[in-house]
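A.B. asks: Residues per chain, in single letters:
2 protein chains.
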Amino acid sequence: MPSRSLALSRSWTSCGTWITSLAATPSLGSRSSTIQSGCNGSASLATRLLAYLVAALALLATPALSRTLPLPDSLVGLNSDAGAKMLLEAPARQSYWNLSIQFVTQKTQSFCGVASTVMVLNALGVPAPSTPAYEPYHVYTQDNVLDARTEAVLPQAVIARQGMTLDQLGALLRTFGVRAEVHHAADMDLAQFRAIAQQALAAKDQYVIVNYLRRAMGQERGGHISPLAAYDATADRFLILDVARYKYPPVWVTAADLFAAMNTPDADNEGRTRGFVVVGYDANKKAD
Amino acid sequence: MPSRSLALSRSWTSCGTWITSLAATPSLGSRSSTIQSGCNGSASLATRLLAYLVAALALLATPALSRTLPLPDSLVGLNSDAGAKMLLEAPARQSYWNLSIQFVTQKTQSFCGVASTVMVLNALGVPAPSTPAYEPYHVYTQDNVLDARTEAVLPQAVIARQGMTLDQLGALLRTFGVRAEVHHAADMDLAQFRAIAQQALAAKDQYVIVNYLRRAMGQERGGHISPLAAYDATADRFLILDVARYKYPPVWVTAADLFAAMNTPDADNEGRTRGFVVVGYDANKKAD
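Residue numbers (the working numbering), protein chains in the order written: chain W, 1187 to 1474; chain P, 1187 to 1474.
Don't take each hint at face value.
[What the hints assert, rightly or not] SDA-like mimics (lysine to any residue), calculated; alpha carbons at most 25 angstroms apart, straight line:
#	chain 1	residue 1	chain 2	residue 2
1	P	K1390	W	T1361
2	W	K1271	P	D1267
3	W	K1390	W	Q1342
4	P	K1271	W	A1419
5	W	K1271	W	A1419
6	W	K1390	W	T1361
7	W	K1390	P	S1266
8	P	K1271	W	D1422
[Stated by the list, open to error] Pair by pair, the computed Cβ-Cβ distance ranges are:
#	chain 1	residue 1	chain 2	residue 2	range
9	P	P1341	W	E1337	50 to 58 angstroms
10	P	D1468	W	T1420	44 to 52 angstroms
11	P	E1367	W	P1451	53 to 61 angstroms
12	P	G1404	W	D1468	30 to 38 angstroms
13	P	A1388	W	L1376	38 to 46 angstroms
If you are wondering where the hints come from, they were derived from the structure by calculation, not from laboratory data.
Backbone N, C-alpha and C fix where the C-beta goes; we use that ideal spot for every residue, glycine too.
Model the full assembly from the supplied sequences, consistent with the hints where possible.
C.D. replies: Shown next, in the form of structure tokens:
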């Protein structure tokens, strides 16, 4: 059982369950609701009270109807005129088409890696299990993607508590019979990252999942995992389909800012830097 | 308690829980999985056996890895080269940007209207409740959108059993303080539908949800509800962001085919035709 301080530290591995909850922007005028969602409601009362206090203060500075956090000037939302224009003009956007139609919201605040995995497995067309709600159709969901094989690599209880590291993400993906090449940012330079990611985004059946420190690119706040969907060479920006859709829209980030946010040490991964995974799948060469 | 034959008939109101399960395409090679999803597993054993029999036969004619059903030649998937090109060139696609980042899969096979409602409320920025998984952030989900006010208009138990009619969809939407103009196809002609929908899709803060009979446009099979996202004038086609993502990709359908599929009588709505709802919201003029 980790101590509280350890839990706080570990929450930065990915998704940032604890830390990010301290700077929220709730909407005004929401009506009372029967809330039925399953979730990991692990925050303590004190943490919740603190979160609401900070959220109330944040309200004073943000539009009342905003339900995602404001973006720093360095990021461009896909749902802005400038962001839409970038997608229309981006040459390396093959990934976008299959990923955008599989876009999901992470099920809990520590499930960014799980949600990213589900999106990429579905985009690749990896044979999927069924699920009672959708019988007889087959599709990966955040409810059926974790099974005995993933449990052996990374227990669900660990994911629920602290998300996952870059290396754990790679290991998890490989249990599905896909190629998953893990690249730590410290092992390359910006130009190499740009070239590898750009090539993958322009290819069919290759996808890139990035693991980065949000606060290094002006977002709230800890480690996070989401798929890339496109690269705009003119602006030298990558499009992140952020799976914390309740918190941020998809954003275009400069290659330099993204690389810097990946080139940060992850205390939960023995201090190794964050980075990215290139995922591919060839159904005809599938081994298992 | 409705009889089985009534249930079968009623399932066509929207989403088509029973009928559509008879023509599925399961994937090969999916691995065993711990399935944890909540769902409405209401199909009888006989129905399930029949579904699997037909699905097995369908396998003989479709690619082993396909996890969505094949499209008729009259429909163009968004995730095809031709479909992507249409979006890049469509002048009336303002709706697409905010809807695509809110794209969700209907939670159960009768929740097409609920999923469409969630997408449009989030796209419009209607103040949302929180939900334990995402505290302190606020967003509509298929778990928190149904509450005491929607229950008074349309009980969740009814939605779970038979989906909803076009008029019920409009009434449900209005409980959220939005404008929801219900148009039955029989009350207008193709040109009027095209003009109204095209104008809404090109506007900010207006959205169109369509209610149509799948089999009238070559899909499996019953009544269905999903949002429109764009209109391509050159091809005279509308883009449907189909919320049954386990079953079909988003498709471009000709205005004539879509209108014909809406211009079908709904036995659960006193024989009135299906149609569409134009949804708008002005936060500054919000009454409640």
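A.B. asks: Should the hint that P1341 of chain P and E1337 of chain W are 50 to 58 angstroms apart at their CB atoms be regarded as holding?
C.D. replies: violated (39 angstroms)
A.B. asks: What's the verdict on K1271 of chain P and D1422 of chain W, does the C-alpha distance respect the 25 angstroms limit or exceed it?
C.D. replies: Judged against 25 angstroms, a Cα distance of about 23 angstroms means the pair holds.
A.B. asks: Please work out if K1271 of chain W and D1267 of chain P have their alpha carbons no farther apart than 25 angstroms.
C.D. replies: Between K1271 of chain W and D1267 of chain P the Cα gap is close to 19 angstroms, so the pair holds against 25 angstroms.
A.B. asks: In this structure, is the beta-carbon distance linking D1468 of chain P and T1420 of chain W contained in 44 to 52 angstroms?
C.D. replies: violated (36 angstroms)
A.B. asks: Check whether the Cα positions of K1390 of chain W and Q1342 of chain W lie no farther apart than 25 angstroms.
C.D. replies: violated (31 angstroms)
A.B. asks: Could you grab the alpha-carbon distance between K1390 of chain P and T1361 of chain W and see if it respects the 25 angstroms cut-off?
C.D. replies: At roughly 44 angstroms apart (the allowed maximum being 25 angstroms), T1361 of chain W and K1390 of chain P break the hint.
A.B. asks: K1271 of chain W and A1419 of chain W were given as a pair; does the straight-line alpha-carbon distance stay at or below 25 angstroms?
C.D. replies: Holds, at roughly 13 angstroms.
A.B. asks: Could you check the hint for me, namely that G1404 of chain P and D1468 of chain W are 30 to 38 angstroms apart, CB to CB?
C.D. replies: For D1468 of chain W against G1404 of chain P, whose Cβ atoms are near 31 angstroms apart, the range 30 to 38 angstroms holds.
A.B. asks: Given the hint that K1390 of chain W pairs with S1266 of chain P, test it: the Cα-Cα distance must not exceed 25 angstroms.
C.D. replies: Distance ~11 angstroms between K1390 of chain W and S1266 of chain P Cα, so the pair holds.
A.B. asks: Is it true that the CA of K1271 of chain P sits at most 25 angstroms from the CA of A1419 of chain W?
C.D. replies: Given that 25 angstroms is the threshold and the Cα spacing comes to 19 angstroms, the pair holds.
A.B. asks: So the hint says 53 to 61 angstroms: do the beta-carbon atoms of E1367 of chain P and P1451 of chain W match that?
C.D. replies: Holds, at about 55 angstroms.
A.B. asks: With 38 to 46 angstroms as the target window, see if A1388 of chain P and L1376 of chain W comply at their CB atoms.
C.D. replies: holds (39 angstroms)
Going down the numbered hints, you'll see the structure goes against 1, 3, 9, 10, while the others check out.
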